[in-house]
Structure formats: C-alpha cells, structure tokens
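*Asks:* Take a look at the letters that make up each chain.
2 protein chains.
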Amino acid sequence: MSQFEEKTIQSETIFKGKVIHVQVDTVELPNGNTSTRELVKHAGAVAVMAITEANRMVLVRQYRKPLEKTILEIPAGKLEPGEEPDHCARREMEEETGYHAASLKQVRAFYTSPGFADEILYLYEGTGLTRGKANPDEDEFVERVELTLDEAFAAMDAGEICDAKTVAALYLWKNKVLEGR
Amino acid sequence: MSQFEEKTIQSETIFKGKVIHVQVDTVELPNGNTSTRELVKHAGAVAVMAITEANRMVLVRQYRKPLEKTILEIPAGKLEPGEEPDHCARREMEEETGYHAASLKQVRAFYTSPGFADEILYLYEGTGLTRGKANPDEDEFVERVELTLDEAFAAMDAGEICDAKTVAALYLWKNKVLEGR
Chain G
5 MSQFEEKTIQ SETIFKGKVI HVQVDTVELP NGNTSTRELV KHAGAVAVMA
55 ITEANRMVLV RQYRKPLEKT ILEIPAGKLE PGEEPDHCAR REMEEETGYH
105 AASLKQVRAF YTSPGFADEI LYLYEGTGLT RGKANPDEDE FVERVELTLD
155 EAFAAMDAGE ICDAKTVAAL YLWKNKVLEG R
Chain P
5 MSQFEEKTIQ SETIFKGKVI HVQVDTVELP NGNTSTRELV KHAGAVAVMA
55 ITEANRMVLV RQYRKPLEKT ILEIPAGKLE PGEEPDHCAR REMEEETGYH
105 AASLKQVRAF YTSPGFADEI LYLYEGTGLT RGKANPDEDE FVERVELTLD
155 EAFAAMDAGE ICDAKTVAAL YLWKNKVLEG R
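Which chain is which? The protein sequence lines are G and P, in order.
Just add 4 to wherever you are in the first sequence, counting from 1, and you've got our numbering.
Just add 4 to wherever you are in the second sequence, counting from 1, and you've got our numbering.
To be clear, the hints were calculated from the coordinates, so they are not data collected in a lab.
Be a bit skeptical, because a hint or two may be false.
Chain copies aren't distinguished; within one or between two, either way the pair holds.
Unchecked claim - Calculated lysine-lysine pairs in the DSSO-like style (CA-CA distance at most 30 Å, straight line): (1) Lys11 to Lys22; (2) Lys45 to Lys109; (3) Lys137 to Lys11; (4) Lys73 to Lys22.
Being a predicted model, the structure only gives us computed values, none of them experimental.
I would like the entire structure built from these sequences, with the hints used as guidance.
*Replies:* Okay, structure coming up:
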C-alpha cells in the first residue's frame with residue numbers, strides 16, 4: 005500500500021506523561037506536499053466481555069474525567085510496561101469485578117482512534133466465571149453491575165453505555181445470541 | 005453518580021494543535037487523594053455505515069500515520085468547527101466515496117477512548133445510495149472498496165479492518181442480517 009504512505013521528515017516530542025506521549029510529525033504526502041500529524045502514543049489496553057451463568061454481562065460503572073461523567077463499560081485497563089495482554093485481562097477482570105474467568109480468549113484487537121492515536125485494545129471473552137472479591141487500585145473507584153442483553157441495550161439507548169469497546173462488545177454478544185452460540 | 009466524581013483542582017494546557025488539544029488536570033479523588041489526568045480534547049467525528057444494493061459495505065482504504073500503516077475503514081471524518089454531525093456525515097461520505105445517500109440516520113454515538121480522550125463518534129447509517137465522483141481533500145488519499153459481509157469479516161480476521169468504529173459497524177451489520185432487517 006506504499007502509494008498512500010506518509011514519509012516522516014521530522015518528529016517533535018511535545019509531552020511525555022504517565023498514560024500518553026504526544027508528538028507532532030512533519031510528513032511528506034504521496035503528492036509531494038508536506039503536512040503535520042499530531043500523534044498520541046499509548047501503551048495499549050485490554051477489555052473483557054464476560055457473560056455470567058445467569059446470562060448477564062459484567063460491567064463496571066466509573067467516572068471518566070475526559071467526559072466529566074460516570075459511565076458503564078466492560079472491565080478494562082491499560083497494559084503495564086512489558087505486560088502481556090492475557091495477563092492484563094485477567095488482572096483487570098479480577099481487580100475491578102472480583103470475577104475469575106476459567107477461560108480468557110482474545111476475540112479481537114482494534115485501534116480506538118486511528119486518526120490521532122496508536123492505542124490498541126485487545127478484546128477478550130471470559131467464560132467459566134467464579135466470584136471472589138473485587139480489589140481495585142487504591143485510587144480507582146468502580147462499581148460492578150450485571151445486565152441482561154435487553155437491559156444492556158436499554159443502557160446503551162439511554163447513553164450510560166457509550167464507549168466504542170462496550171458498544172462493539174454488545175453487538176458481538178447479540179450476534180452470538182442470534183446465532184444460538 | 006457523585007460518589008465517583010473527580011473534582012478539578014488545577015488545569016494545565018500542554019498543547020493546542022489543529023486536531024487535538026492536550027491538558028493535564030490535577031483532581032481530587034473520592035477518597036480525598038489527589039491525582040493527575042492527562043486529557044486529549046477533540047472536536048468529535050462521524051462515520052457512515054452504508055450498504056449498497058448489491059449488499060456490499062462501502063469502505064475506504066487509507067494510510068493512518070499513528071499506526072504507520074494502511075487500513076480499511078468505513079468513511080469517516082472530523083467535525084469542522086460548528087458543523088452539525090448530519091452535515092459532516094453527508095460531506096465525508098460524498099468526498100471520500102462519491103456515494104450520495106438518500107437517507108442518513110444517526111444510529112449510535114460513542115466515545116472512542118474514554119480513558120484519556122473526549123472524542124465522540126457519531127455513527128450513521130446511509131441508505132438509498134447513488135454513485136457520483138469522489139472528491140477527497142487535496143491532501144487526502146483514499147481508495148473506495150466495497151465488500152460483502154463475508155469478505156468484510158475476512159478482512160477483519162486478517163487485520164486490515166482493525167479500528168473500533170468499523171468493527172462495531174460490522175457486528176451491527178451482522179446483527180441486522182441475522183435479524184433479517
């Protein structure tokens with residue numbers, strides 16, 4: 005696909021934070037023009053779609069500062085440096101919800117905002133759930149919520165479920181139900 | 005949901021670019037501790053899921069600098085200042101693919117990366133497609149691609165379709181097919 009490629013001429017680091025790094029690259033476009041690209045670098049994240057034996061999706065309610073509101077999402081979290089996605093999925097699931105999954109299988113990986121960020125999200129499916137005690141980080145405030153498919157779609161229609169990974173997971177769950185899996 | 009809220013104590017602007025603004029907020033957590041939040045501000049975007057009369061999804065292939073690769077996505081674009089999402093959906097669809105949709109209906113809106121960004125994406129469904137000529141921005145290089153449901157899922161399995169909005173749109177399309185809509 006080299007006909008579309010943008011060649012980096014210069015790269016300027018703007019910010020190195022705990023969660024994101026920001027840089028501005030000057031690029032040469034396929035037509036020879038130059039332009040700039042504002043880029044957010046992120047370590048990547050995992051999320052877990054898990055359905056209980058009672059056919060309820062395990063979600064967490066938490067405050068999201070960028071949105072200035074509390075929303076409902078599937079359990080998720082950032083990769084620690086050097087951490088494998090499999091390990092992160094198990095860790096976040098147990099910390100945030102108290103659930104242990106006998107099996108955790110990666111079902112999909114996708115970029116959340118390919119226009120400006122390189123964040124990749126590994127979506128897992130957790131099955132064979134057993135309940136323990138949630139153990140969130142000291143500075144993490146989450147509440148576990150379990151919803152049926154209809155309840156989850158109602159929460160999506162109402163706007164409390166409103167993030168890309170959870171919307172994708174709900175559609176995937178419905179596919180599985182419709183296909184009788 | 006005030007028990008989860010994070011109160012802003014201080015806000016520092018790091019960067020004001022063309023596409024994103026970056027700021028670091030110092031917040032008071034529900035337990036009284038303080039922490040920082042790295043925040044990316046974005047004007048929002050639209051994407052259009054459109055299926056042709058031949059039952060093919062309209063996609064575009066384009067280079068994404070943050071990923072350093074060319075990927076296949078549904079047509080999408082950023083909101084211009086003050087632009088309504090409806091207008092933006094029609095504009096991006098026509099510019100990038102040459103297709104005019106008789107009807108464009110918003111089916112969902114979701115945040116792409118709620119952990120660090122406020123970008124919201126308005127997902128539209130376009131129906132009643134008629135073909136004109138694509139008219140991308142001078143510095144935009146896109147190629148229109150049309151895929152059946154099976155071909156699109158194969159492209160997702162192969163990793164060429166690999167962004168959240170397009171993955172969500174594919175699962176939604178499959179739901180509609182399974183439901184006979």
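*Asks:* Taking the hints in turn, state whether each one holds.
*Replies:* A quick look at each hint next to the structure:
{"no.": "1", "hint": "Lys11 to Lys22", "result": "both (28 Å within a copy, 20 Å between copies)"}
{"no.": "2", "hint": "Lys45 to Lys109", "result": "within (26 Å within a copy, 33 Å between copies)"}
{"no.": "3", "hint": "Lys137 to Lys11", "result": "between (50 Å within a copy, 28 Å between copies)"}
{"no.": "4", "hint": "Lys73 to Lys22", "result": "both (22 Å within a copy, 26 Å between copies)"}
Checked against the numbered hints given earlier, the structure satisfies every one of them.
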